[in-house]
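Following the hints, put chains B and C in place on chain A, whose structure we already have.
Protein chains in written order, with my numbering: chain A, 1 to 241; chain B, 1001 to 1343; chain C, 2001 to 2301.
Hints in this document: simulated from the structure, not taken from any laboratory.
Don't take each hint at face value.
Claimed, not checked - Every beta carbon over 12 Å from chain C, so not counted as near; a handful from chain B, in silico: (1) 1034; (2) 1079; (3) 1105; (4) 1126; (5) 1148; (6) 1173; (7) 1252; (8) 1276; (9) 1298; (10) 1314.
Said to hold, decoys possible - Chain A is faced by these chain C residues, among others (derived, beta-carbon under 8 Å): (11) 2004; (12) 2140; (13) 2188; (14) 2193.
Cβ coordinates follow ideal geometry from the N, Cα and C atoms, glycine included.
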Amino acid sequence: MTTESFCLQVEGLKSGYERDVPVIEDINMRVSSGSVTGLIGANGAGKSSLLKTILGYLKPEAGRILYEGKDIAGLRPDLSSSLGISYLMEGHSIFPGLSVEENLLLGMWPWRRDRARVRLAIERAFERAPMLRQRRRASAGLLSGGQQRILELERIYMTNPSLIMLDEPSLGLAPNLAGEMFDRIEDFRKEGITVILIDQNVRRVIETSDYVYVLQLGKIMTEGKGEILSRDVENIVKDFI
Amino acid sequence: MKFSPIWSYIGGLAALAVLLVVPAVASNNYVVAVFTSILLFFILAALFDFNLGYLNIFNFGIAGFMALGAYTSALLSYHYGISPWYGLFAGGISTLILGFIAGVITLRLRGIYIGLTTLFLAEFVLFALSNFRDYTRGASGLDVSTFPDLFGISFDRNNPLALYYVLVVICVIIYSALHLIVRSRLGLIFRSIRDDQLGASVLGFDVVRYKLINFSVASFFIGVVGAFYGNYIGILVPTPQEFGISRTTEILTIAYIGGRGTLWGSLLGAFALIGLQEGFRIADEWRLVLYGAFLVFVLMVFPQGLAGGVKQLAHWCQTKFSKRARLDSVDSNNSQTKIRKDR
Amino acid sequence: MNLELLTYPVIVGQFFVDGLGRGLMYGLMGMGLALIFGIMGLINFAHGAFFMIGTYLMYTVAVQLGLPFPIGIIAAAVGLFCFGALLERGLISPLRRFMGENWLVDGYVMTIGLLIVLENLALIIMGPRGHGISSLVGGRTSLFGVMVTYERILVLVAAIVISGGLWALLRFTNIGRAIRATSEYPEAAMALGIDTRRIYTITFALGSALIGAVGGLLLSTYMAHPSIGSDVLLKSFIVVIVGGLGNVWGAMIAGILLGLVESYAQGIASAGWQNSIVSAIVILVLIFRPGGLFTKATTRP
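Chain A on its own, in the form it takes in the complex (with noise of 0.2 Å):
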């Protein structure tokens, strides 16, 4: 298999918030276009830590991200999300002072001296979440948790991205949003788009992956296809519970 049928792939990746005090370290990932990816771990195992630094919030101490055959280790997260990688961050990332359609204005950024495709974005984003039309001149922060998640991830998607990247979407939602949103993942898969996710739900997490990477204390402990991993989800489960 040659590398670019590969989205991301991360060799040897060592990042932490100090020097000396990795958060992660020796990681390897093989990320397929297309494929949705799961990483699990306990609270504190460098889920999220893993998610920055490829993003580029964290320096990476050691080792390379390629995405789509270039190396972008270090590289700022506003130039590596222009290159068509989409972040979801754990918690709420809208800005609240804004209004919803400012939040959307803002999510095609890159594009933003093209009025016509940005209003072309917002009308298919405005379709497809006409909640979001309603109330497009309300300020985000007035939004209730789940209206903010459809906000935000209209605002991810909207830009078209080749690789979109899911840190805890279903935190904070009612058991029939989070199913919703794990169908909207669905939807992205049969799109063609790259997903990588984090999620407390483990077991739909598994069920959802074609591949999913067991990170414990920073590294890589057990990866495997969705199937095979399906068979020991209780074990899995239990450990984590």
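Just chains B and C now, with coordinates in the frame of chain A:
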């Protein structure tokens, strides 16, 4: 970084020796004046650091506080004939009260708001001093007599050495007090509040009380120094140049350059800056440019200040020349790697 | 205290007009400081020094070169924009990265150093004499018996233009949105492709340009002199504390209030007391409403 307290005693004694001997030997009024200046800035910067370095309280009005102390003593002497020796104490008390009030006002405030409040309190004091012109003589200047003879020693301004030694005594007393407090349990509590106020209060420490103690103690001493300053300089005017923001910034610069969070750093800072300025015969405006540039430089490159530099030097010396220290440091390195492997 | 004066409507009106005039000046001064603090969390102590540079630029362009005064104001704005941008890129940004979390608590100390350097360099380079002009626009008119100089009207117009321009910039332009977003949540802004370092540079430059332009505008009231910045800094602090530290519009309103208070206090009580009254007000605000009188939602701690 552990090194025996012997070094701090030796350092302290050496500094004291220099301060006592050099001006006497030089028998030159200029040298005495320079040393007086150094001491004044040192002790004010140390007091500033006592608030800032140990409790993150930024007393941006320190110069104004000093003015209150100076004027209290001077006015008591001018209008009521009270001896400046008692004036020192009186100046301390009045400033203590101001400091206490300031402490109470700023209790619920954080960070920069404390600084701004003290700034405006100081401005208020200054404006009040200027407005009560009839009483304080305002901008025309209040004449302050020097200390009356004590034990047969004259404190005439033509003989500044005597005044200088008074200041040395004052500084030794103040510095010892600060040093003792900082080294004591009280100092430990201060630092724990500085690092984690919420945590400290959860542990049961009455944060309010400790902040007030810290601020009041510092204010008292600032007032004493202010009172001395009035007697030393001979004439008081409530202008910004004397007691305003620029004076405060000089003091804070010395505290930062010396090394914040270390009281003795201020002595290094004062020696360095004032020594530099006098040593190179630098003109007044350039002196301040230097201050500002040094401040920026220290912040960017050497946040620990001169004191930090000295500590590092001492540590380097110790590991180089003491076999025991070298073994100690090797041992601790080993134990560090052990811990990491277990992760 | 001469309260009788208040029974004459013309005098009340005169105090009002003078107070409004002063207040607009103070509001304009405070806006740049509030902007920089609101977006970047930095209290720029060199704010007054930037004003001073603005007055010098204005003097050079409008008086020494004799160009029309709007060009002078633009020159001051542009000059300070570039200067601010260089400063941010070269000194403030590296220091912010170096200091990490300590930045919010200690960052302003660097601006204090900057203030000292700038003021004293000005003293060395430009000399201790002040340079001023009598007015940008001459003449006066009468409004219901109250005297209003054309200069005051100019300041009013300028205040409207500058405030309106700033508002429009923040509300309607892409860069304005990006600035607001960065002030609320820099990490999220970065994830969307916004270069937050550039945003900080632009914001600082914008705040600097603002105070520079104000310096140029007020050359007739505050002449070009090395130490003119201290008074401006103090007034800006007052305005920004009362209006709310990050609140740009609060600063303008607070400025107007301050101007009115000063005007009436000076008129009724003897001179010098208005400073004490104002300081007392500020202290009261700090005690009871440290967030400022006009803040609904603070963007920065």
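For the hint on residue 2188 of chain C, just tell me whether its beta-carbon gets within less than 8 Å of chain A.
Holds, about 4 Å.
Checking a non-interface call: every C-beta of chain C should be farther than 12 Å from the C-beta of residue 1298 of chain B. Is that right?
8 Å, violated
Go through the hint on residue 2193 of chain C and say holds or violated, using the shortest Cβ distance to chain A against 8 Å.
With a closest approach of 5 Å, the residue 2193 of chain C hint holds.
Non-interface claim for residue 1148 of chain B, where every Cβ of chain C lies beyond 12 Å:
34 Å, holds
Was residue 1105 of chain B rightly flagged as not at the interface, with every chain C Cβ beyond 12 Å?
Violated, since 5 Å does not exceed 12 Å.
Taking the minimum C-beta separation from residue 1079 of chain B to chain C, is that value above 12 Å?
21 Å, holds
Just checking, residue 1314 of chain B versus chain C, shortest CB gap more than 12 Å?
25 Å, holds
Is it the case that residue 1276 of chain B keeps its Cβ farther than 12 Å from each residue Cβ in chain C?
15 Å, holds
Is the shortest C-beta separation between residue 2140 of chain C and chain A less than 8 Å?
Not OK, violated: residue 2140 of chain C not within 8 Å of chain A, min 43 Å.
Can we trust that residue 1173 of chain B is non-interface, i.e. its beta-carbon lies farther than 12 Å from all of chain C?
The claim stands: residue 1173 of chain B keeps its Cβ more than 12 Å from every Cβ of chain C (closest is about 29 Å).
May I ask you to test the interface hint for residue 2004 of chain C with respect to chain A, counting a Cβ-Cβ separation under 8 Å as satisfied?
Interface hint status for residue 2004 of chain C: violated (49 Å vs cutoff 8 Å).
Least C-beta distance from residue 1034 of chain B to chain C larger than 12 Å
21 Å, holds
Violation of the numbered hints given earlier is confined to hints 3, 4, 7, 9, 11, 12; the remaining hints are satisfied by the structure.
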